[in-house]
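Below, each chain spelled out in residue letters.
Number of protein chains: 2
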Amino acid sequence: MKKFINDIDTLLDESLQGFAKAHADIIQLHTQPNIVTRSTAAPASKVVLISGGGSGHEPLHTGFVGIGMLDAACPGQIFTSPTPDQMMAAAELTENGEGVLFIVKNYAGDVMNFEIASEMIDCPFETVLIDDDVSLPKNHSTGRRGVAGTLIVEKITGAAAENGMNLSDCKILGDKVNQMTASMGVALNCCTVPALGKPTFELADDEIEMGVGIHGERGHETIKLSSASEIVEQIANAINEDLKPQKGQKALLHINGLGSTPLMELHLIYNIAAQFWEKRGIDICRSLVGNYTTSLDMTGCSITLTLLDEEMIKFWDAPVNTANLRWNC
Amino acid sequence: MKKFINDIDTLLDESLQGFAKAHADIIQLHTQPNIVTRSTAAPASKVVLISGGGSGHEPLHTGFVGIGMLDAACPGQIFTSPTPDQMMAAAELTENGEGVLFIVKNYAGDVMNFEIASEMIDCPFETVLIDDDVSLPKNHSTGRRGVAGTLIVEKITGAAAENGMNLSDCKILGDKVNQMTASMGVALNCCTVPALGKPTFELADDEIEMGVGIHGERGHETIKLSSASEIVEQIANAINEDLKPQKGQKALLHINGLGSTPLMELHLIYNIAAQFWEKRGIDICRSLVGNYTTSLDMTGCSITLTLLDEEMIKFWDAPVNTANLRWNC
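Taken in sequence, the protein lines are chains H and Z.
Take any residue in the first sequence, count from 1 to its spot, add 7: that is its number in my numbering.
Take any residue in the second sequence, count from 1 to its spot, add 7: that is its number in my numbering.
FYI, nobody ran anything at the bench for these hints, they're computed from the structure.
Quick caveat, the model's predicted, so the values are computed rather than measured.
Beta carbons are placed, not taken as given, at the ideal position from N, Cα and C, and that holds for glycine.
Be a bit skeptical, because a hint or two may be false.
[Claimed, not checked] Selected chain Z positions facing chain H (Cβ under 8 angstroms, derived; list incomplete):
(1) K9
(2) A48
(3) E272
(4) Y277
[To be verified] Residues of chain H placed beyond 10 angstroms of chain Z at every Cβ, according to the derived structure:
(5) D16
(6) E102
(7) E133
(8) N335
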């Protein structure tokens, strides 16, 4: 295993320290337990957005703490849920009378720990559960996973909260964005978790893995490597069947790199995916291309489509100033 | 070779089309020859900044076209200089009476083609040659290479031009930023150029390459894999010996991912490098961490230090609105 590390046990803490130092104008790191909050004051009275999850998906979630997005993020160990005490401490540090909106990706450990934390905090709360991954069937035993659509929910509800939306409306909006969002991933090669020291699964030189999540787990199908157009067609069809957008529907197209895929290839994927929906009369009016929800050093990408209404567009466009998503601010 | 491509011959054009479509609010793609310009009007009268180079380094340079940075970028084929007709067309499309500042990385092909272009354009011009790579000796036969420091020159001179600085002063400022900037890279694994189909050099599982450039070429030394702290120490020492910063000096620290290195590791590198200079009394007052000057899918990173004065800080902080660098705008 070749990585830039000193010690597997201190990797996360050293990295968080570097992150905090590099972005001290935007975020603040609290330790024992690890929590990232805004370094600039949020409006005195607003719904507080808290997310978190295993580390290894950077910039998700810590890179999205700041004006117009998250108030706090709880980074767990690599690919491991944060603990309830992180979430409780995050709520205590940030809550200011308007309640907490937890944004939780649908994984058993995350769901359980956020539930424990929310039962123990002493303030109003709601939870938006993200399950945008259409590579699993809707009736899957543990439900669908939350993947790259998460940041879209964080961005849109973050802007709403910043603009004074109350807790129950933020919850309704967050659920709506999640329902209007579908994602699917593909890997050319798997990632290497530092503690394991080798890829969590192997693919032959002519194989790719369709429907991967973001934790180095297998997808739903190993297939032969094919052209970018054929790969995009397969993913876009799955997303399209799930969301069933009508002609004239406005949409956000997000091409997410899983860690090791060059921007040149992500833009090529974007081009093919945009054409897929444009041919079907969909108006791709907003875009996001880059590494936003990664899986360590996995080679691959995911495609996410979010169907937009005017409210969602307004909040997507609203100012955001975080370490890794920044505009109009 | 596993990549998201349809055809090696159309990869660049398809990617540029996707880039242009995803960022139509910021940039515009012209074809035959390929040139990326701003889609929003620049101030009516300003020095025009034009850069360019081989593709495969995205987001450099196309991702830095926009308000406060470049007016145009000329993307060559992968790791291949753009042609003089691209640069001439870029100047014709953007020049508005105040002249052109060419920002050129020091590679023989780039230098030659920008020289040919500048001899043929019919307007005042100056050229800033970037040679920030300290892995080569100062008296190297073709001079030092231009690497990740390029974007720092583009950002600072871009802001100056946007604020009305004239051509000769932009040239002086650009040269100053270049002189105050030193970079060095390290690779854990090499990149795969699509046309070649395999890594341009091989490293054993316990080897790393010090002093790599951004074109998949060997560095100055193959060494055994060591801890992140030891790797950073070696690079930072080389940079420090070149720049010889005094105690109390303000500086920008830029950790650049070469393509396949997770943000978690880049932040760890940042943490170690920041400590290196802080111990020496340097005030790391500005930071940039992420994939900005890549080498396709190379696993590795580079460290760049720029010594700052108040003018440089002012222009670094000035509004910028490009596809891949955006703040205060």
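Outside-interface status for N335(H) - nearest CB in chain Z farther than 10 angstroms
8 angstroms, violated
May I ask you to test the interface hint for K9(Z) with respect to chain H, counting a Cβ-Cβ separation under 8 angstroms as satisfied?
Holds. Min distance 4 angstroms.
Status of the Y277(Z) interface restraint (C-beta, 8 angstroms, chain H)
At about 4 angstroms, which falls below the 8 angstroms cut-off, the nearest Cβ of chain H leaves the hint on Y277(Z) intact, so it holds.
E133(H) remote from chain Z - nearest C-beta pair above 10 angstroms:
30 angstroms, holds
Interface hint check: E272(Z), Cβ to nearest Cβ on chain H, cutoff 8 angstroms. Holds or violated?
Holds. Min distance 4 angstroms.
Non-interface claim for D16(H): all C-beta distances to chain Z beyond 10 angstroms?
13 angstroms, holds
Just to be careful: measuring from the Cβ of A48(Z) to every Cβ in chain H, is the smallest value less than 8 angstroms?
19 angstroms, violated
For E102(H), is the shortest CB-to-CB distance to chain Z above 10 angstroms, so the non-interface label stands?
Non-interface label on E102(H) holds, nearest chain Z Cβ at 28 angstroms vs cutoff 10 angstroms.
Hints 2 and 8 from the earlier list are contradicted by this structure; the remaining hints agree with it.
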